Amino acid sequence: MSKDGSIYSVLILNKSGGLIYNRDFIPGNKFVANDYVILTGVFYGMYTISARYSPVEGSDGIQTLETEDFKLQALQTQTGMFFLLTADLRYPGLPEKLQSIYELYSDYVLKNPFYEMEQPIRCKKFDVLLSNLLF
Amino acid sequence: MIYRFLIYDKSSTCIYYDEWSVNNNGANKGVTPAAALDAEEMKRNTFGLVFELKRFLSKLSPSPTAPDYFSYTTNKYKLHVYETATSMRFVLLTDTKTGNMKQQLKKIYSDVYVETVVKSLEPRNPEDPSIQGNKQFTHELNLFLSSIS
Chain A
1 MSKDGSIYSV LILNKSGGLI YNRDFIPGNK FVANDYVILT GVFYGMYTIS ARYSPVEGSD
61 GIQTLETEDF KLQALQTQTG MFFLLTADLR YPGLPEKLQS IYELYSDYVL KNPFYEMEQP
121 IRCKKFDVLL SNLLF
Chain B
1001 MIYRFLIYDK SSTCIYYDEW SVNNNGANKG VTPAAALDAE EMKRNTFGLV FELKRFLSKL
1061 SPSPTAPDYF SYTTNKYKLH VYETATSMRF VLLTDTKTGN MKQQLKKIYS DVYVETVVKS
1121 LEPRNPEDPS IQGNKQFTHE LNLFLSSIS
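Here the protein sequences come in this chain order: A and B.
Oh and the first sequence: position 15 is 15 in my numbering, straight run, nothing missing.
Each number in my numbering corresponds to the 1-based position in the second sequence with 1000 added.
Hints listed in this document are in silico derivations from the structure and should not be mistaken for laboratory results.
Heads up, some of the hints might be wrong.
In silico DSS-like cross-links for lysine-lysine, where the CA-CA straight-line distance does not exceed 27 Å [claimed, not checked]:
| # | chain 1 | residue 1 | chain 2 | residue 2 |
| --- | --- | --- | --- | --- |
| 1 | A | K97 | B | K1059 |
| 2 | B | K1106 | B | K1119 |
| 3 | B | K1054 | A | K97 |
| 4 | A | K111 | A | K125 |
| 5 | B | K1076 | A | K15 |
| 6 | A | K97 | B | K1078 |
| 7 | B | K1043 | B | K1054 |
Just a few of them, taken from the derived set where beta-carbon distance is under 7 Å, the chain A residues facing chain B [as the list claims (entries may be wrong)]:
| # | residue |
| --- | --- |
| 8 | I49 |
| 9 | S54 |
| 10 | I62 |
| 11 | T86 |
| 12 | L89 |
| 13 | E118 |
| 14 | I121 |
Note that the structure is a prediction, hence the values are computed from the model and not measured.
By construction, the Cβ of each residue, glycine as well, lies at the ideal position given by its N, Cα and C atoms.
My request is simple: use the sequences and hints to build the entire structure.
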C-alpha cells in the first residue's frame, strides 16, 4: 500500500483536554503513550490563544495545522471535546472524515452502556469501525 | 489580505510589529496606554503560541527534523511562521484564502531584513533590539508587502 495520502493518527480529547483515545496508523512510531498525553494537553491552550489573538472579530481556534510533511485537522464539538486527525498532506476530505469519526464515537462509544463519560475509550467495535472508515 | 506581521529575534523579543485592519488602511499599533499593554500581551502570547506549536509539530511529525515553516488556519484567519537558521521568527497573519507563504517570508528575511538591518551601518543599541524605528526597513517592508497582497 502506498504511503501517499495516508492517515497517520487519530486523537480524541475529552472536555477537560485530557487524552481519551489515541491510535497510530504508521508503523514504528517514536512515541510512548505518555508523550501523547503531554502533547495534547497543550492543544487546548493553543486553541484558546489562537482564538483570542485573532486579528479579526469572532474567530474560533485552530482548525487546520500544516507543515511541509503532514497536516493536522481539528474538530471541536459543541460539547467541548476535540477530535484530531493527522495525515499526509495529500489526503483529501479530512474535515468530512473527522465528522464521520465523531459519528462513530456517538454511535459506538457513547451508546455503549459500559462506557463512562470522559474516561479513556476502550470499545472494540469503535476500533474496528474506525479502521474500516480510514482504510 | 495581510492582517498582522511580527518579527521575533532569537531571545524571543518582538523587534517589529505592524497591523492592518479591514476597516482602515493605516497601521494600528495601539496608541492609548491600555491598548499598548494589550499589544504587548498579544506579542508575548503569539511568541508562546508559535514556540509551543513548533514543539508540538516536531513531536507529531513523521519527519525527523523540526519544520522551519508551518501555518494554521482558523475559520477567520491564517497564521504563517518562518523560522530562520538563526532562530528568528517571521510571523504573518492573513486571510484564510492565502496559500503557502514560505518563499515570501524567506524573501522578507533575505531581501528586506538582511539588506536593510543586518547590513546597515547605523549604530545599534544592544539594549533595544527593536527595528520599529528603522525607516529604511519599514519602507522596504511595506513595498514588499504591497507587492504580495
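Each hint tested on the structure:
Annotation: proposed proximity of K97(A) to K1059(B) holds, straight-line Cα distance about 23 Å (limit 27 Å). For a cut-off of 27 Å, the pair hint linking K1106(B) to K1119(B) stands: about 17 Å separates their Cα positions. Distance hint between K1054(B) and K97(A) is fulfilled; the C-alpha atoms sit about 25 Å from each other, no more than 27 Å. Proposed proximity of K111(A) and K125(A) is supported: the alpha carbons are some 11 Å apart, at most 27 Å.
Note on K1076(B) and K15(A): the hinted pairing holds, with a Cα-Cα distance of about 24 Å set against a maximum of 27 Å. For the proposed pair K97(A) and K1078(B), the alpha carbon gap of about 22 Å is at most 27 Å, so the pair holds. Taking the CA atoms of K1043(B) and K1054(B), the gap is about 17 Å. The hint holds against a cut of 27 Å. At its closest, the beta carbon of I49(A) sits 5 Å from a beta carbon of chain B; the interface hint therefore holds under the 7 Å criterion.
Here the hint on S54(A) is kept, as its CB sits about 6 Å from the closest CB of chain B, short of 7 Å. At about 5 Å, the closest approach between the beta carbon of I62(A) and any beta carbon in chain B falls short of 7 Å, and the interface hint on this residue holds. The beta carbon of T86(A) is positioned within 7 Å of a beta carbon in chain B (closest approach about 6 Å), and the interface hint is therefore held. Because the beta carbon of L89(A) sits about 11 Å from the nearest beta carbon in chain B, more than 7 Å, this interface hint is broken.
At about 23 Å, the closest approach between the beta carbon of E118(A) and any beta carbon in chain B exceeds 7 Å, and the interface hint on this residue is violated. Interface hint status for I121(A): violated, as the beta-carbon distance to the closest one in chain B is roughly 20 Å, over 7 Å.
Going through the hint list in order, the structure does not satisfy hints 12, 13, 14.
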